[in-house]
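A.B. asks: Read off the chains here:
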Amino acid sequence: MTAFALTDTGTLTGRSLRHILRSPDTIITTAVTPVALMLLFVFVLGGAISTGSDESYVNYLLPGILLITIASGVAYTSYRLFLDLKGGIVERFQSMPIARSSVLWAHVLTSLAANLVSVAIVIGVALLLGFRTGASPLAWLAVAGILILFTLALTWVAVIAGLSAKSVDGASAFSYPLIFLPFISSAFVPTATMPGPVAWFAENQPVTSIVNTMRALFAGQPVGAEIWVALAWLAGILAVACGFAVLAYRRRLR
Amino acid sequence: MSATAEPAIRVRGVTKSFKALPVLRGVDFDVAAGTVFALLGSNGAGKTTLVRILSTLLKADGGSASVHGHDVADSPEAVRESISLTGQFAAVDEVLSGRENLVLVARLRHLEQPGAIADELLARFSLTDAAHRRAGTYSGGMRRRLDIAMSLIGDPPVIVLDEPTTGLDPQTRIEVWQTVTQLAAQGTTVLLTTQYLDEAEHLADRIAILHEGTIIQNGTLAELKQLLPPATVEYVEKQPTLEEVFLALVGADARTTRKEPQ
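Which chain is which? The protein sequence lines are W and A, in order.
This note's numbering applies: residue 1 is where the first sequence begins, and numbers increase by one.
This note's numbering applies: residue 1001 is where the second sequence begins, and numbers increase by one.
Treat the hints as calculated values from the structure; they're not laboratory data.
Source: prediction; values computed, not measured.
Any given hint might turn out to be false.
Below, simulated DSS-like cross-link-like pairs (lysine-lysine); rule was C-alpha separation at most 25 Å, straight line [as the list claims (entries may be wrong)]:
1) W:Lys166 <-> A:Lys1019
2) W:Lys166 <-> A:Lys1059
3) W:Lys86 <-> A:Lys1059
4) A:Lys1238 <-> A:Lys1225
5) W:Lys86 <-> W:Lys166
6) A:Lys1059 <-> A:Lys1019
7) W:Lys86 <-> A:Lys1238
Same shape as in the complex, but just chain A (with noise of 0.2 Å):
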């Protein structure tokens, strides 16, 4: 990571209450440019509202938040131009083809030649034999790879993926995986939301503890780790794996899962 370069993400003090209900108290934390960075949080820490922030789709009550040097309450649309969200629940249009959600996008990128910039991503992500079926039709998979192919049109230099790989099957949970990899080998930045810390292990070069709507801890995976001594040094040659780290810094109401509201 270069010290020296200006954050693809840079949030400060952000502040977001639900009518008597604070979701966010004050966040803060950065995302280097071309870096993945893991936003972990159980269900209710404020991870879709922070994303729905980042991504102009609500306004924060306080404090400052800028993607790609664009401050998100004073040129929404510029950060509009830098940012792209996959959401949680995969927004395609079922009545469409995969192809024509994709020129769809292309379109309202003001692209030239959508029907080129379709094709080529319906190949990359193999999708080309399914391309035009109803995404309706499309496997969890499928309909996945082709919500993370509509967010990549454009090659916006950051992207969001909230919860990517929530009630997906192992299988299509790796091939998710491996786009990520692929898109950070990219140099794109990827700002990821998960519940689950495996994830975050396998992919974010840095990985922030959203809890009660505060970052309580934030750092590489390595860093996380020398906050617990090992558990037993004496008998056992067991590391703590994250999912420790996680649940001994946010306490057992970790496990207490509230609705986060919308």
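Extracted from the complex, chain W is given alone in its bound form (with noise of 0.2 Å):
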């Protein structure tokens, strides 16, 4: 059956968007969070954080937002996931002649659109708070680029808790230390700033580089190598993710 394997993850999907459609408050819930969070550290904290750059506060953390916005916008497709197989409806899906996997690859589109959705409207509300770029066109695409490879990558970390939860809470709560990371990174105070040993590990997780990368890319700058760590990084998270994904959906067919 994997000639419909596409037809189907488009029919899967479409109803999964639906769900959306019907229920926006997600989508408006994920973005306020980073929202909140960037209204406070412009207005309160901001002027009390040295950048070292000449940049406005806001074109300094609006890429560490954006990342925020995606980590929490992804527990609601763990969510998804969960509540489709706790109600038996996946059950219902994989009795029928459809190409399985579409079952997984519609909740990692939705998720896809979901928090594109939420990240247009961060950065929205951040150009109204002075966020100014002179991304060319080729930059710009560069961003969206890492943006999506940073969602597909944690949606399906959302997929394995999806699977493998036990109850509605542990289906979301892999997302918390996935929010927490960017405080710990270059995405608000560099990271020399910060005590030898969580400078160090501040400067080896993907976060930073994934910033960095993408402030440069937004300040016009040449992004040197660090978009390939940043590259690195997000393609073994998406490997691994993916592979563990598929192991947990196999192993529920025993």
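Fit chain to chain and form the complex, with the hints in mind.
C.D. replies: Below, the structure written as structure tokens:
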């Protein structure tokens, strides 16, 4: 039935997109926390933070805020997947002659669509707060590509959580550390201001290279070697998470 | 029942354990095409496990099973083309409307004109008025009707109804029974699992009793009734009910409920 993999994925993606359109609050909720964080950092804490550059602070922090948006948005994917499994609709789909992988792909594509809308809302608010960029269309394309890769990678992590969770709370709990990760990175303050071991962690975890790359792209500066570190992290997380998700999905059929 | 045709469902020596707990210990039975076959058993007898194996949601540890001539292990895709499952917990999409649920299933079965198929089934199951309401707002009976309507899409030759009336009120139960009778009249093979003895008595051409992982009895209602002599021949004109046959056959521990592992 792999001949129908694309149509089945399309049909099931249409279904879960309809779910989102009927409860658009999930997209709004996803955008609210990052917007609040952005207001907090720009208007309350930002004045005391020295980034060591002439850029406005909102320009400095937007990449990290976008990553937090996605990290909190993917929690809805594991939540929806968990509910589908629990409600028995996944079993109904799997007992039909469809490409079984399309059940997962539909959730992944829906996550991508929903998160890109949330990201667009956050960028819109950032523009109101004074975010300005001289990024070329090509740089914008690169930023979009990185955000899409980041969403896909975290969504597959969310799929693992949704497949293996025992409760609704468990299904979305995985996202808390992911939301926290940007705080221990170059997203809000330069890593040089951190004590040794923390700085070492911050400089060697994926968020820093991703944030630095996006920041350089927005500023119209050369990205250097950091983009390759970022892409390696993203591709690595994506491949590992996707592999484990497929294993967890197959394990349910025993 | 024609003895010449190949059985619609053939189960031979199927075993399945969850960790150390054996749930199916070698199950054998045939379901002749076009008949209603009831699998009777208490909670934990292994009915749902067997249904999940037949609908390729679970793999058996041993033995073989085939549906409509296709082996569940060797050609699961062909099995999924031939069988349709109605779950114990009506699996409908609560966010979508009744019509959207039907259209979704028709699309997933790759049928032409999913909208027309949906409208026809809505009419047949008296759901036309509720077609555009979210399925989550449906009553228990409407949900179950929608669930069964969804499993009829594509006219699969074999339909599995896993405890279709569990938790339903008597009125809705009769509606479901009427649906099953209609299906049988159209020549669809129906495998029905139930813990309600009167349900098996009303609907089934053949009844098999699954107890502690094996089929301990398999026959028509009349055959099963002959297994026991009338209880009090001299004074009371009373045939044993199927319930009495069942309880006598499985013994007292049929009443102890054990949870069937998922």
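A.B. asks: List in ascending order the numbers of the hints, as given earlier, that are violated by the structure.
C.D. replies: Violated hint (a single one): 7; every other hint is consistent with the structure.
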